[in-house]
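Here the structure of chain G is known, so what remains is to put chains V and X in place on it, guided by the hints.
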Amino acid sequence: MMMQMVMRRIAIGFATLIVVSIIVFVMTSILPGDVAQIILGQSATPETLAALRKQLGMDQPGYIRYFQWLGNMASGDLGISKAGGATIESLIAGRLGNTMVMAGLVAAISIPISIALGLWAAMHPGTWLDRFVTFGTLSTISVPEFFIATILVLILAVELHWLPSTAYLTGEENPLELLRALAMPLITLVIVVSAQMIRMTRAGILNVMSSPYIEMAILKGVPRRRIILRHAFFNAIGPIVNVIALNLAYLVSGVVIVETIFAYPGLAKLMIDGVQTRDLPLVQACAMIFCGTYVVLILLADIASILSNPRLRNPK
Amino acid sequence: MTEQSPTTKEEAILAEIDSFAELPDAPPKRRIRLSWVGKLSVAIVVFWLIICVIGPSIAPFHEMDMDGDDGFLGYHANEYGTFILGTDYLGRDTLSRIIYGARNTIGISLASTVLAYLMGITLGILAAVKGGWIDMGISRVNDAILALPTIMLGLIAIAWLGSSIPVLIGTASIIYASSVFRIARALGQDIMVQDFVEAAKARGEGVWWVIRAEVLPNAAMPLATDFGLRLVFVVLFISSLSFLGLGVQPPASDWGSMVRENLQGLTYGSYASIWPAFAIATFTIAINLIVDDVSAKSGGSLATKMV
Amino acid sequence: MDREKLVEVRDLRISATNDDGDIIPIVKGVSFNIHKGEVVALIGESGSGKTTISLASLAYTKPGLHFAGGELLIGGEDMLQAEPLRTRDIRGSKVAYLAQSAAATFNPAITIGEQVTESAVLHGILTQEQANKRAVELYRALELPDPDRIGIRYPHQVSGGQLQRLMAAMALCGKPDLMVLDEPTTALDVTTQIEVLKAFKKVIHEEDSAAIYVTHDLAVVAQIADYIVVLYGGEVMEQGTSDQIINNPTHAYTQRLMAAVRPKPQAGLGTAVGAEHEREIPAIKVRDMTAGYGGIVNGEPKVPILRDINVEVKNGHVVGVIGESGCGKSTLARVMAGLLPQARGSIKLDDEELEGDLRDRRLEQLQKIQFVFQMADTALNPKQVIGDIIGRPLEFYHGLKGKKKHAKVVEILEMVELPAEFASRYPMELSGGQKQRINMARSLAANPEVMLCDEVTSALDSIVGANVIKLLTALRDKTGVSFVFISHDLSTVASFADEIVVLYAGRVVEQGPTDEVLTPPYHPYTRLLISSVPELRIGWLEDTMKKREMAVGIAKNVEITSIGCPFFSRCPMGIEGTCEKQNPPVRELKMGHQIACHRTIEELEEVEIEVQRALHEDEHAADQGEEGTLH
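Residue numbers (the numbering used here), protein chains in the order written: chain G, 1 to 316; chain V, 1 to 307; chain X, 1 to 631.
Treat the hints as calculated values from the structure; they're not laboratory data. What you are looking at is a predicted structure, and each value in this text was computed from that prediction instead of being measured. Take these hints with a grain of salt, some might be off.
What the hints assert, rightly or not - Pairs of lysine to aspartate or glutamate, EDC-like flavour, derived with a Cα cap of 20 Å: (1) V/LYS201 x X/GLU355; (2) V/LYS305 x X/ASP78; (3) X/LYS175 x X/GLU114; (4) X/LYS383 x V/GLU11; (5) X/LYS405 x X/ASP388; (6) X/LYS175 x X/GLU206; (7) V/LYS305 x X/GLU83; (8) X/LYS590 x X/GLU576; (9) V/LYS201 x X/GLU206; (10) V/LYS130 x X/ASP357; (11) X/LYS28 x V/GLU11; (12) V/LYS39 x X/ASP20.
Just chain G, with the same shape it has in the complex (with noise of 0.2 Å):
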């Protein structure tokens, strides 16, 4: 039952994949038109035209040409940028890594903070602090993950002289100076990716906090720590969980922002510049990367909330 589950959302999840990529594809190379004439301007020939289309196999149908991409896109042929002509597997080497090493960062400084912070505040509800870390959170879900990164800039660079404002990387660092490159978008996305977690899982577990089994526990004369984590995280880590997988897929977006405050060599750094330069096949590359990563968090959230679903785990 429970196994059958996981595997229908592993499918829903490769469907899904699917037609994220037909929307990229279909966005990025049919409805644009003819990339011939826009990577050749208005002064080509007609002849050159056809060529560069033969070449880029654009005089094939449309479904000919998605089916080439997916197969060129599995065997790790992701085409040639329209800016400089190099192959975009090169670009993208050594800025996925980049971005892969913050990611983890922040997901590994951020996730055991949030569930910390946020249990903490289920257990005092009411308090001051609670109050403090509920307004601080929501302020902080309310403004762009820039303002965070400015007012960050001009504290933390600025007035103290503490940290870089850039997080320009030359590829010789020793770690130390590696760190000190990275602190500052690193605690932008940290703050930014765990106001969200503290608030979601606090919110998870008051959720919880009114079933009648909880009042039940508090008639039971069981502690306050029991009861937050023997009875209530229990049946909240479902949500939890879920709520920790779309935030580290939320950290998408705050990378393209973050890289590009503190022009820190990643790939959404890259996607921002393709899209200025209107190069459309780095774009694409770029945005399969993302939104296949996006699709494979959300799909483990959804799998992990049905592992921790009691019900299923111990069928009757």
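What follows is chains V and X alone, placed relative to chain G:
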């Protein structure tokens, strides 16, 4: 004493039972009551909406006027006038640009949200009421849109169509219509299984009557709260695009792009990028606080009873 | 009672604070005592403050409430003044709580065993091992199946009646001085209730624990309480020993409560049907109907609920449909209303075939069959005023508008005994009983031929419910409308219905005129139902346990079978090899009385005679025994 009053307490109780003067299960409907934080937030939102309407006539300068000095000055005055919040990188008055920018930022967001709502609610309620393959079809397409990070969709759309105000509004409204759809559909489905809708169906009522008289009045309040939240997301989305240089294009002013334009001023100690960011924050936080205030009143929590 | 005082409640006052900050008294100075080993019942209707008072003994108030005065002493210690950390020690060790709905009160993510022993171990009363051992002993005492291993299961893996008993184990594990039982059997079916009551009574007696028993049900109280406190509006109306309150109530309110308790279901309670509305053709005729959920495959529903149903609703008659939860009684009404199209069989209205799906029925057919939903709270649109709610069918079916419509709305409000000014109110501004009247008024406004009433009184307090029944009887006499009255409460049905249909696991096991169904011979299930309805008589439980051939023991879940008699697994006179393999024949008795059973009428009658004889001998023996001791 002509009035016939019950002589004993016992009789009074029996009279109470017989007269059906039972207490209502819930107190009569009351209007929404805001805390002082909520009231302050309403004032802030109303303030910005007024600025949107009358902004250009009260701004000290035109958004494109330059003061002739170098950029990034703090509070100063010269022959053109007084620059209360200083000037930006081109020497334009920050205050005036924030006032003008309110129109773009809030106006575009509001337009997008309203459009998103029109699309989302129409399709969402339709899917909930009709069910079957209509629901299946719309829901699957919607799932695919929701499966993409919003900023990615925005980036792809702009890479394809270039950036202009209609493209921004169109993109934002379609992206957020999918979230509205999901909520409207869920709400609609919840209401559709209520007994009073079942009663209407058993009576033989048609689809439109059910939607108009039974579903919409009951979905209105939760949807209104959601509208606030959605508006905040759209403001953040539009501002983020502008901040990336992909939203409202210069020389028009918009809070997101103002932050970007003046970012390098931070290192010289200029607050020209902080003020517009602050403007966004006041608007979005205020809306969220109102929503919080309206929706949080759900009785005492057991959590306060823990020892 | 000369035993030691355990609990003293003196002038207890509890108040609520509403959103406006106003303070509303909920409990207005209540005093009573509980002695060691004594069961005190707090009895009252909703709003009487009975649960609030009982929770005060755990030094607890629901969120939004606070103690406003008086004292509640347990062993001399005032619960109202207890420090927060002290309350934790008291709860679960000195005083234990048993809630109404065990299904909601057990944590779904934790095993039963851990939850049962948790409190005793946390308070250091027992070690985990000792607690586990005690738990198994309690399971055994409570007659739970598989006592050694039930602890490792999760709450959703056992039945509702079992969970209710497991909660008793949870409360008793820490050997509390006082147990608080809050309506512990209200949510259960009668046949399950009797088992649970028996188990509770036994363990309370064995453990010699004092108990507060909160309920609205006087008949249940009569079985279990030593002392009764009658509450109304947060005040004590009357208190005294069970014998005194049950047999000689002095306060008018108590007498009113007693009057609302319906007598034991038996023949001759109903009123005769007036002949003026009689007609040849039955209003509704259901033939060989099968229905269920999840789509239809080869004329069989995927999840069958009802099977081969044959029922008639005569004009101007009340047909009571009785059965336990899950037997399909609501589904029957939904099929008649066209809300759930049947998989097989036919439904006729005035001898005219009805389409299964209501969307295919004609407007006039829809108007003639009206459905009254169980919960008025959810059946009335909270955003419409009463005038619009009642006015809509007038406009929709009869085209009434404006002043005419309003005049008719007022007339209908009058019929359900509500004032005209209610037309401008919202449902939220009405009480539960008033909402239920509006719920019926809306159906009445359609001017129907048949009203399908689904458990319309079960969510109401007994006095309010009794008034609603009175109203329904008056409406029937006045308008000649037929009723299909669905209920799990046999006493209500017996006093109101002209015919009774007994459903079990989706099949009609017995039906016929009320007086015929309620006199022997009975279908074995009808017998079980009748003997399970508690009587307002001290000692009824013991008598019943004696006479009930309780070989079946613990009530099992209702199982819907496709072949054989569904009652076989619980039937004391089942024929192995026949009952579970073949569908029972329908045996015809006089006046259209039918029993579906493999046993012949003669066999069923014989059993009845035996039971009566056994009971009589028992009484005789008891009398002789008493005489013997006297002499």
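Quick rundown of the hints versus the structure:
| no. | hint | result |
| --- | --- | --- |
| 1 | V/LYS201 x X/GLU355 | 15 Å, holds |
| 2 | V/LYS305 x X/ASP78 | 19 Å, holds |
| 3 | X/LYS175 x X/GLU114 | 16 Å, holds |
| 4 | X/LYS383 x V/GLU11 | 37 Å, violated |
| 5 | X/LYS405 x X/ASP388 | 10 Å, holds |
| 6 | X/LYS175 x X/GLU206 | 12 Å, holds |
| 7 | V/LYS305 x X/GLU83 | 13 Å, holds |
| 8 | X/LYS590 x X/GLU576 | 29 Å, violated |
| 9 | V/LYS201 x X/GLU206 | 55 Å, violated |
| 10 | V/LYS130 x X/ASP357 | 16 Å, holds |
| 11 | X/LYS28 x V/GLU11 | 19 Å, holds |
| 12 | V/LYS39 x X/ASP20 | 17 Å, holds |
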